[in-house]
Amino acid sequence: MRFSVLLYTILLAALLLPVPAPAQLSIGLPDRAEQSPGTPVDLPVLLLNAIAAEDAVRAYELSVAYDPSVLTVTGATPENTLSEAAAQFDVDLSEPGQVTVSAAFDAALIGGPDELVVLEADLSAEASGASALVFSEVRFNDGTPPVIATSGRVAPGPLPADGALVMNELLYDPATASECTTAGRPRACGDANHDGTHRAGEDEFIELVNTGASPIAVGGYTLEDETSTRFTFPDETFIAPSTAAVVFGGGAPDAIPGAVFTAGGKLGLNNGGDALTLRDGAGHVVAALRYSGSSAEGESVTRRPGVDGPFVRHSTAAPDAALHSPGRTLDGGALPVALTAFNAVRDGRDGVLRWATASETNNSGFSVQQLGQGTFREIAFVDGAGTTERGQQYTHRVPDLGPGTHTFRLAQVDLDGTRTPSPAVELTMPASAPFVLTAAHPNPFRATATFSLEVQDTQAVTVTLYNLLGQRVRRLFGGIIRAGEPKTIRIDGRPLTSGLYVYRVQGRTFSTVRRVTLVK
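First residue of the sequence shown? That's 1 in my numbering, and the numbers climb one at a time after it.
Quick caveat, the hints were computed from the structure, so don't treat them as lab data. Each hint should be verified, as a subset may be incorrect.
What the hints assert, rightly or not - List of simulated lysine to aspartate or glutamate pairs, EDC-like, C-alpha gap at most 16 Å:
id, residue 1, residue 2
1, Lys520, Asp492
2, Lys266, Glu236
3, Lys266, Glu224
4, Lys266, Asp225
5, Lys520, Glu485
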């Protein structure tokens with residue numbers, strides 16, 4: 001099995017600036033608890049933002065240090081990456097625990113969110129777990145423009161989003177009423193949040209777009225500038241595919257499609273220029289950009305021709321020369337259904353599913369689905385609101401759920417039948433008795449047998465195996481079992497002799513014994 005570890009390089013994200021911004025990388029290695037030594041691993045070095053021809057990137061060098069007891073980097077390949085066009089490509093593995101890759105190009109390196117190079121490695125340790133990689137240095141060019149370099153260490157943990165979340169539009173200096181009048185526009189042309197008032201600190205905004213095919217959970221993500229964290233996305237928030245999320249400085253946004261949020265007056269976009277960074281809940285950089293105070297005054301900047309294009313003044317990109325289009329396409333069209341929240345809560349033995357939309361376009365409704373035997377099946381259909389720019393709230397009750405963990409998802413259905421699945425949510429129902437202990441299976445057994453234990457209250461539990469003489473053979477389990485989360489316990493009979501055995505299960509609120517027979 002091959003795993004990919006995404007090494008994010010926010011490269012030359014300068015917005016209408018002649019000098020690129022410093023690169024920012026995020027590195028991680030997934031847990032390999034179930035992988036054996038020798039398993040090959042690919043470590044792609046990715047470019048998140050496009051490289052424009054005028055950036056004139058004609059050479060790069062990157063170094064990554066690693067723990068050789070965890071993996072061994074065996075090489076790097078330029079095939080099927082931006083580096084395959086390199087006139088010179090070198091891989092240096094002479095220093096143990098470090099790989100250095102350099103490349104030079106006859107022409108400027110141009111490309112979008114694609115692979116720069118792929119490091120090739122083999123797992124080389126028996127121990128399970130994840131390993132940190134040390135990003136030593138990355139340099140682009142060797143003269144003019146200046147070298148871009150940074151360094152740092154990123155601990156193992158959840159990887160950032162897969163590059164699909166893009167900062168697409170930015171309004172940092174809304175037009176004043178007088179500027180609107182002078183330009184021959186309505187006095188409210190700077191009222192970007194459409195709440196009927198014109199306040200620069202409330203009308204400024206940042207628009208994110210999910211360009212991928214899957215929803216991205218953004219609960220806990222933060223928007224930061226060079227000074228501080230300006231906004232944190234609420235828990236259980238995600239952005240659906242091809243959908244925008246807009247964070248306004250404040251006010252009461254109205255008739256804005258997509259997922260809409262306000263920063264309570266704390267967005268504080270600097271009119272003189274600033275650097276903005278979107279981080280996931282683990283602190284990894286997901287997207288970043290730097291803008292100049294002279295980039296656009298009185299209007300937003302937006303990517304053109306699409307979300308992978310460079311930033312331009314909005315009035316030059318929009319067909320009607322509009323100054324901004326938060327949550328909409330450049331021609332003013334609404335994006336698809338914006339599902340902004342989905343969660344599940346207990347109500348007695350029932351489960352209650354709740355979800356919300358910020359806006360809907362041609363929405364027939366939602367197929368409510370439950371996971372069973374590895375497949376999601378529809379258990380109900382809830383009608384949608386068709387087309388609306390106002391937020392909607394939905395609930396559905398699933399009655400009489402048994403003990404254990406239940407998994408649900410939604411599939412939003414368009415009028416033309418197109419289905420878009422949501423992320424799944426889990427709901428754990430506690431056992432109705434102090435404990436539920438399944439019978440060992442198989443019984444009798446030849447090599448191994450398993451059984452599961454679920455408790456009503458979280459507590460410490462010990463499971464001990466005895467022979468018929470009452471002699472302790474071994475402890476099968478000792479630790480905390482959480483309420484409503486079944487724990488599978490295994491009996492390994494391979495080192496034991498045939499016969500009848502007894503296992504004792506003891507917790508704070510219960511104690512019981514069961515029998516199992518080993519036959520060889």
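Checked hints:
1. Lys520 <-> Asp492: 13 Å, holds
2. Lys266 <-> Glu236: 22 Å, violated
3. Lys266 <-> Glu224: Roughly 11 Å between the alpha carbons, so the hint for Lys266 and Glu224 holds.
4. Lys266 <-> Asp225: 11 Å, holds
5. Lys520 <-> Glu485: Given pair Lys520, Glu485 is violated - Cα atoms ~33 Å apart, limit 16 Å.
Taken one by one, the earlier hints fail for this structure at numbers 2 and 5, listed in ascending order.
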